[in-house]
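Order-wise, the sequence lines are chains P and G.
The first sequence begins at 1 in our numbering and counts up by one.
The second sequence begins at 1 in our numbering and counts up by one.
Hints may contain errors.
What the hints assert, rightly or not - Heads up, incomplete: computed chain P residues facing chain G, CB under 8 Å, no partners named:
(1) Arg109
(2) Glu110
(3) Ala118
(4) Ala120
(5) Leu123
(6) Tyr142
(7) Leu143
(8) Arg174
(9) Arg177
(10) Ser256
(11) Met257
(12) Cys260
(13) Ala273
(14) Asp274
(15) Gly276
(16) Tyr320
To be verified - A few chain G residues that don't get close to chain P, going by computed Cβ distances all over 10 Å:
(17) Pro41
(18) Ala108
(19) Pro192
(20) Arg458
(21) Glu518
(22) Asp630
(23) Gly700
What the hints contain is simulated information worked out from the structure, not anything from laboratory work.
Glycine included, each C-beta is placed from N, C-alpha and C at the ideal position.
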Amino acid sequence: MSLKVLHLSPTPLVAAPGKLSRALRQAGHDSLCVALNDYPKNGPLHGKFIDDVTLLAEASSEVKDLVDGFARAADVIHIHNDLPASTVQWLRELSPRARFVYQVHSPLREGPLYFERAPALGLPISRHLVVGQYQPRHYPDYLAVPNLVLDEPFLAPRRDDEPLRVLFSPTHSRTGRWNAKYSERLEKVLRTLHDLRRVEIVWPTAPLSPSTLMALRRTCHVSIDEIMTGAFHQVSIEGLCAGNVVINRADFFSKSMMACCARAPELPPFVHADEGSIEDVLIDLALSPRRTAELQAASFRYFDAHLRADRLVNRFVHIYETLH
Amino acid sequence: MDYLLVDPFGQVTSGVTSYSIAACDSLRRLGLKVAVITRRPDEHIEDLRRRLPDEVARLACPATLVEAPETLAVTRDLPADTRLHIRLHGSRHFGAWLQDRRRPRDEAGIAAEQHEIGRAHHVSAPSLAALRSHVAHLGPLPPSTTIHPHPCPQPDPLAPPGSNPDIDALFLGRWQNLKGHSFLLELQRRLPHRRFAVACGDERPAGLPTSIRHLAATTPAERAAALDRCRLVVLPSLFETVSMVALEAWSRSRPVVAWNHLGIAEYVGAPFLHGARPWRMDDLERCTEEALESGLCCDFSFLTRSLDWDFQQSIRALIDGQPLSSTRLHPPADCADLAQVLDTMPALPHPDTMHLFQRRMRKLLRNPAAYWRDSALRRKLARLQPGTVAALPARNDIETPHGPLREAPEPPHGPVAALAHPTPDAQDIRKPGVVIGHIGPSGFIKIRTPAQGVEGWRIALLHAHDRPEQADTLIERLSALEDFAPTRADRISVISFEIDALESSASLINRIDQKNKELIGQIDHLVMLDTPAALARALRCCSPRLRTLMISTRGESLPGPDDADMQVRIDATAQSSEPASWRRDVTIASEERLPLTVMRLLRETGPKSVDMLLQILGEPVFDEALHDFDTRRFQGLIRLLEGAPLPPAETMHEFIAALCPRIRSLYVSESVYMRYRSLCAPIEAGGAPAALIEACLHDGVLFDVA
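Work out the full structure: start from the sequences and follow the hints.
Here's what the structure looks like:
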């Protein structure tokens, strides 16, 4: 039976709700993703994650009517992270027949949420979900669900005569435990290895759209996520999809959440590194094309077997279908 | 034979003897073939030196490692091809110098020891203090000298649980100046309400006040019995490379109070060892009181097993020809330079006034064999070395060249205790404390930059606006604890609040903008006096680094364990306990105990300079990976059963619950243990580790899982 699912989020949330909405449509359901606002206009993320997203801020009346109508008819309203009181009031006034699902993407005690928002929403939430990365440790009773990557898995193993090509998307310094992804040491190591011609570092200096970044990733052998917090992020999933060796500092519990979400019997083939070991990890890879190729193949196999969007979306469909 | 130990003393009061027995036992449990060659009661040291080569030839093969202490150069006659391992236990010559700086050095004896060190296959030390004191006072050491801890003696039998100690503070060991007996007498004088005892020999030491009991301690069983009767052990020695007394105390789950320049202070800190700055009796007194006041866990076995493994691993590596140093030994952050400590060693206030002749006669009556043995040595050395004073009678006084008692100098790093003189920032200082903000019933919550302090030790106090006296009293009493600098009045930030009791935490958080959340995040420990749960929760949400301690003077409990990291309830009717649902939850009977309790909790949960790994679940087995474990990368270690598949789960809670039966062993760093002690205790009692793992993961602790 086809479901009608409305996704609502305060911002595009790096396209996570949008991808889920699109995956639902590809699976034969009707879904609309609405974000109240895009990222700030003068920021690097503005306009980059709205491909599958309808922005409500400054929307025309036709768009607002579309959203109103969809919300009224929706079977499920899937709320991401938080909504302002005005939006909650709007939902109540619509008196939708929909069941509410809440999904959290962010940690506690740091931005953007700081504390558990679901109880304060004032809506009858039927199911609480959490992104199955590091976040379940803050919401241990929420159902862990995967973030989706909609691309087809790809593999271009490194040849023996190829230098190691590494894609690194820099992040800026932030405070907090899980938001503090920036590593000055990592950047120094990468610059040094690049200057010594040990590895080729692909280091985008300007913000790129997700599709362009993914295309660039497919030309590389290695994707470096962050090596500070013990988590993995969307970069790691995209790296697996692109057949890259994925380097991060994800701990056992983060990786286990991915495996649980994907119903996979094994942990993802991430290569563990932190500030103390990143240099050695990269040099080892640089010196061994064969090992790089093997790890790339493992990434590809894992994504292909367990993380395809058309497979993972069924988890959401099952959740929606079993709501009370 | 894989390993031979040589004990040139063979006395129950000797640390080398205790070490040899413990080391032998430990290495046998590792599966090695070990033997100890011990000096016989009536045997002269020279006779042992001559006997040793035959014994080694009989027992050892070329690959056997022969370990001996440096002192007395007992290995002098061993052939050059012996695989010799010299273990630094502290030379007698250094001990003699400590007791009498004016006595001429026995250069020949020192040279003999240095010769053995020079020709040894390997040299190791049990502490940095041992290494440094040897290099500074006796001679150089090979660059390849390694450092690894002594093993802990295995308790046999353990005291029955719940046994009621009838001694507060125990001194165990030889009653002599080198062991700091005068400091103990002074300590007892300062703490007349505490029950002191001395366990040494079988006769009461002359001059021991009647207020101090004497226990016999001539056999290992008697020593163990004395330890089981006490609540803590005082170790006021002038110097120790380690202290087998401390290790014995830990093996009986007894904490130790000691000067923090002793080698044993590099092994672990509070609550196992309370380190006082050298020669400061006020420090020693406070540490003793603090240790007695704290409700300590009753089983130190995870600590002793951890030290044991480190020792075993180091010896195994040595046998394999790849010696390595332990990374666990670090001097306390506030430990002064050893040279300065020894230079400022005071004259002791209670000298042994017994005349030399009286002491010799006493020795003749108590131990005729030792008397004749040592007298023969003295005469022999006197014939061989004219002018050398060969006998080593205990000196009555220790005098410094600088005159009367002087305080130890300020240590170069770390929290420095000082007298509580307020700093001159008069405008922002309210006596006591530094006011940085007020949380009103409406409007944005704004605070100023918290009072300066060492990272990890910035403390703030939150109190109700209409009850300032409560905060003032607490700060004054905390500030009076001079041995803990972070609680000085000029280092405690103060915030008052006056809010609507019905205001929600969401509303409060929304009143704190990003900048003020970051300012709140600069506080490391927030102590909250009778604060509403919503405000406690709101402030805690501002930063993942912030640790909050809720004090409830009315005995009430906060709604949930995520409202604060720790809570202290004052409830005269409740039993002192630590329930298992909170990370730390302490109930005390009266407000009198509050300052010490608060200080103890802050100290225990603050940063640790020595953050060792402690096992709390599983059977102790040798694990090489433990040696290289870096608690800066991971704060815990989980070993799963082999072949255990990943448990399927839909939530983290389900995953952890399914994982727990697959856990073979669980280790946490000491700092994690102290932060989550209320959750660790049930695991040590046989419970499941799910609650602890969930709490740790929630707070950002990383586990290495294999």
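Verification of the supplied hints:
1. Arg109: With a closest approach of 4 Å, the Arg109(P) hint holds.
2. Glu110: At 6 Å from the nearest chain G Cβ, Glu110(P) passes the 8 Å test, so the hint holds.
3. Ala118: Violated - the Cβ of Ala118(P) stays beyond 8 Å from chain G, reaching only about 11 Å at its closest.
4. Ala120: 5 Å, holds
5. Leu123: Since chain G brings no Cβ nearer than about 15 Å to Leu123(P), farther than 8 Å, the hint is violated.
6. Tyr142: 6 Å, holds
7. Leu143: 5 Å, holds
8. Arg174: With a closest approach of 10 Å, the Arg174(P) hint is violated.
9. Arg177: At 4 Å from the nearest chain G Cβ, Arg177(P) passes the 8 Å test, so the hint holds.
10. Ser256: 6 Å, holds
11. Met257: 7 Å, holds
12. Cys260: Holds, about 5 Å.
13. Ala273: 11 Å, violated
14. Asp274: 6 Å, holds
15. Gly276: Nearest chain G Cβ about 7 Å off; hint holds.
16. Tyr320: 15 Å, violated
17. Pro41: Pro41(G) clear of chain P: closest Cβ-Cβ about 53 Å, beyond 10 Å.
18. Ala108: 49 Å, holds
19. Pro192: 48 Å, holds
20. Arg458: 15 Å, holds
21. Glu518: 6 Å, violated
22. Asp630: 8 Å, violated
23. Gly700: Violated, because the least Cβ-Cβ distance between Gly700(G) and chain P comes to about 4 Å, which does not exceed 10 Å.
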